[in-house]
Structure formats: C-alpha cells, structure tokens
Amino acid sequence: MTNVLVYAETRGGQPRKVTFEAITAARQLADQLGGAVHVVVAGPAGVEALAASFGEHGADVVVACGHESLVHYQPDVATALVASRARSATYRAIVFSASAQGKDLAPRVAARLRTTLASDVTSFSLRGDAMVVTHPGYTGKVIQTLKLVASPALLAVRPGAVAAAKQPKAGTVEAVALPELPSARVTTTETVLGDTKKLDLGEAPVIVSGGRGLKAAEHFALVEELAAAFGNAAVGATRAVTDEGWRPHADQIGQTGRLVSPDLYVAVGISGAIQHLAGMRTSRCIVAINKDKEAPIFKVADYGIVGDVFEVVPALTAAIKSAKQGA
Amino acid sequence: MKIAVCIKRVPEMDGTFRIAASGAAVDEAGLKFDMSDFDGYAVEAALQMTEKLGAGEVHVVSLGPDIVQETLRKALSMGCARATQLKCDVVPYDPFAIASALAAELQGGAYDLVLFGKMSIDSANGAVGFMVAELLGLPMVHGCSKLDVAGGQGTARREIEGGGEMMTFSLPAVVSIDEGIARPRYPSLKGIMAAKKKPLDVKPAQLGPVALTVERMELPAARPPGRIIGEGAAVVPELVRLLQTEAKVL
Ligand SMILES: Cc1cc2nc3c(=O)[nH]c(=O)nc-3n(C[C@H](O)[C@H](O)[C@H](O)COP(=O)(O)OP(=O)(O)OC[C@H]3O[C@@H](n4cnc5c(N)ncnc54)[C@H](O)[C@@H]3O)c2cc1C
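Protein chains in written order, with our numbering: chain A, 1 to 327; chain B, 1 to 250.
To be clear, the hints were calculated from the coordinates, so they are not data collected in a lab. Careful: at least some of the hints might be erroneous.
[Stated by the list, open to error] Covered stretches of chain A, as calculated for chain B (at least 3 residues, CB under 8 angstroms):
no., region
1, 103–112
2, 193–199
3, 247–257
Note that CB positions come from ideal geometry on N, CA and C, so glycine has one too.
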C-alpha cells in the first residue's frame, strides 16, 4: 500500500496550474511511502498527450480516458473513472486539487468508496496509519489540524499550498475506455469562460481589487490599467461591486467568494469589511488606497495610502510602469 | 414539489475566536450563532420555487444538539413547513458521518429536490451534499448561482474559477446553492408566530463511521498591525520603493 492516485484536472483538454500542484503533492506522498504515482485524466480524444507533462512532474503511470464527450468536465464520468481505478488497485492516498473541479469530484469519489475526505488542506503528512493535515477553518480565523484514519486517504489540496515541481518519471500511458454509466445523470453542456487570456485570481501573484469607492463600472478601467502595469496581476472585486453588477460574481473575493493569497494585494476603494478580509487576509503584502483613514482595511494593510483613488491610482499605475521598465 | 433543505448552525464570523480548553474546539462563549450563510440562500431558493409553482412544501433538517432547534425555527419562520432535528450531542467533524445520518433521514422522503448551501461557513468543506447524493444514488449539482426546474428536469449554472459551467440534470436531485441566487428574507413577525406551531420532529442521528477528527486548533499568526504611509499621490514613489526594497514584491 505505497502507491498514490491523483486526479489531473483539465479544462478544454488542457491542464491547469493546480493540476501540477496536485501531482507534485502526490509525488511527495509516494516518495515518503516508497511507491508510485498514478494519474487519472479525462478529456477529449488525444488527452493522453498530456502524459508527458504529467511524467515530468512525477507521474509513473497516466490512466487516460479520451472521448469526444469529455470536452467539458463531466462529474459522473470522472467519479466512475477515479473510483473504479481506486477499487482496482490498492492506494494509500488519492489526491485532488481543492479547486472548483476538484472540490466537486473528491467528495463524490469519497462517498462512492464509502469513505471520507479531508478538504482544502494546506499541509499534509503521514504519521503511522494516520494522515495528518492542516485546514483553515472559520474563514481562516482558526487553523485546524485534522487526523484522517482511512485508506485510501482522500485529500483535496488547496491551490497554491504546494508549489509544482519537476521530478521526471516514466508517465507511461494506460488508455481506458469511457466508463458505462447507469444513465447520464448530470451533464455539463457548456463551460462559459471570461477572458481566458487573463490570469486566474487563484494563480496570479498580484491582485488588484476594486470596491464601491470606484463609484461606477466604467471606473474599473483604473483597476484594469494598474493590473496591466504589473503585468502579472488579476482583477478582483468586493461583493458590493458584484452585487451592483460592475463585475461578474466570479471576481468576488471574500467569505462567500474566492479565497486568495497572492504575494501582493492592492485594495482600491475597499472598506475592508470582515467578510472581504476573510478572503484576502493571508496575502503576503497588502496595499490599501482609501480616502477614509478610519477604514478597517488600514488595520491589515502593510502599506496604506489615504487618498482619492481617482488621484492615487493613475499615479501608481504610472510609477509601476516605470519601475517595471527600469527593472 | 417537495423540497428538503439541510441547514447548519454556525458561529457568525465577525466574532473574536478563541480556542477552548480542550485545544481542539472553538470556545463558544461570546460568539453569536446563526444559520450558515449559504444555507440561508438555499432556504430562500426553495421557498421561492414552491411559491412560484404555488404548490409543494419545504422541509428543513439540521443535525446537532437541541440548540439547533433555534436555527430550524428560524427556517420555519421564513416559511418552511416542517423541521427535523437529527439529534446528536456533538456534531462530528467527519462529513461522511454526517452525510450518512442525513441520507438515512432523507431516504424514502420522496423529495424532488434536496438542497444544501454550497458549503458551511465554519468548516468550508462543501462535502456533505455530494455524499448524501451519492448515498441516495441521486444526481448532484454543486454551487448553483442559477437554477431552473421544470418537468422533471433541471438546468443550472455553477460557478468555477473565472466563469461558469452550465449543467442539466434529472429530478430527483441534490443541489447546492451559491450566493447570488436569492437573498434570504427576514422572518416576518407573522412568520415567527406561525413557526411556533409548526411541527419540529426530533430523531436520533444515525451517524456513519468517523474517520476524520480534529486533533488540534490554533489561531493563525497575527498580521503585523496596519501602517498608513501617507496621504495622496505624493506618497506613491515611497510606496513603490517599499514594495521593491522592503516587501520585495516588485
Ligand atoms: C453573509 C455575508 C457575506 C458577505 N460576503 C462577502 C464577500 O465574500 N466579499 C465581500 O467583498 N463582501 C462580502 N460581504 C459584504 C461586506 O460586508 C461589505 O458590504 C462589502 O465587502 C463592502 O464592499 P466595499 O468595500 O466595496 O464597499 P464599501 O463598504 O461601501 O466601501 C467603499 C469604500 O470606498 C471608500 N471610498 C469611496 N470613495 C472613494 C474615493 N474616491 N477614493 C478612495 N476611497 C473611496 C470609502 O471610504 C469606503 O471605505 C458579505 C456580507 C454578508 C452579510
């Protein structure tokens, strides 16, 4: 019982950054156990071509199911694939990413195997017959150490918690057929994506986030321009902004939106309500620009500037542009 | 349309959290409790569906000690028809243990839909709904921001990073609700009065096996206190210097 199974998330037939993080996490566990990493991947025909990149990150075997019906993530198919693989061999652990897709799949597989899982884990280690993990609870206000005594131990690893690392292994492909399902029960008919060239909030090293202080949707151009000046930034928003419809819901950061932890978080015209802080408090460096010096955002900001966003942000954009050129 | 909504009582997140003497739980003294955020959206979505159809009713279920009856009464006062407490003195952390108890209760209830919030705001696992669906052999759609149900079929949009997925599914089904679908209503005085007379059953929770437990809880390292470096655009050069030399993020 030394092997580790991992689900490789794809979107439009391509792996995401979290996919390599999950494979790296599985590799770490397998190395500790002295076993192999087996990857399950599903996608449109030709998806087995991804095996090379999985192999680079430590996959010994890549179980690939390529089929034209798998252009979109199909939860029932993915569940059947991972669960049947898990039943056909003995695995000590099964690793998922705690992304939208991984969080959708992991508990389905767990229950299909009549077991449990540890979700959104930020660290993990094997200790005797237990898997011990940490998990931020209560919107990050408490760190919980959880003990999972089940084999296989199912883990969903929080995006960014493990840095993807290369460790070349064979990545041998084993093609599997589309599993037969009792009847198609949930079907994903379309994946609607915003600007796919944009960095995802979970992956961007810098996030520039706008609040109601911007006063109108069109003023988000200021935030967009600052993000463009950084070059490696994504744009986020508060619920006040997504409620107004100035930005899509997918951009919302906070307790009921995305949880992010970039190197740099720039809060523009954001008051810093507790529900917003819950989503970004763990950012490495926080900058806040707000005209109200009493705004709660200043309590967590490493660098606060009291001022009008319409004056400060354009100046900051220009300064970042020249700093980047000078670099 | 018969809908069940599973709801959880959780502390409000704006409180100050302390660790209990056991070292493995939150000290509940001084915290305020309410229905978990997303569960409120789920209750509201269920009520709106039955109101729109002019038919059907909404049942609420919560697992936990007697104090969860408060949360169930709140759902009744919003307009749900009946409530069930699956009684256990301590709510286990393990989602499979909880899902097993909920599935045992919901099985045979002839529900067209079983709704959950997308996740509970305290543990944020978002696993129980999926597990109930799997145990009941029902389709599951998670994190819906749009939901339409008609003629035994459902369509939904669920939120993913940077976009959404459009899903279709057959009923009966388990669906978990994201925010944006419906803002929960405040119970009216009339609703609160009516709730007192609505049925609230108490049954023992038939918990599943427990394999995941909390060993320890800690407060995260505190952030250094915030610092205002100055006023207006004039401090921008200083900010850039700090980002380069002190924070080293540029
Ligand atoms: C159950 C629940 C869940 C929630 N979940 C979330 C969540 O996930 N994410 C989230 O963000 N919120 C969430 N909220 C909402 C949250 O409580 C706040 O209402 C919201 O974050 C406020 O957004 P804001 O900072 O953009 O707006 P406001 O609070 O209105 O703040 C605007 C700020 O802009 C400043 N300002 C105005 N004009 C200017 C100017 N010209 N220059 C500079 N500064 C200016 C003001 O001083 C003010 O501080 C939730 C609330 C509830 C009840």
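For each hint, the structure was consulted:
Counting residues of the region 103–112 of chain A whose C-beta sits closer than 8 angstroms to any C-beta of chain B gives 8, which meets the bar of three, so the coverage hint holds. For the region 193–199 of chain A, the proposed coverage by chain B is satisfied: 4 residues have a C-beta within less than 8 angstroms of a C-beta in that chain, meeting the threshold of three. Coverage of the region 247–257 of chain A by chain B holds in this model, with 4 residues showing a Cβ closer than 8 angstroms to a Cβ of that chain against a need of three.
Violated hints: none; the structure is consistent with every hint.
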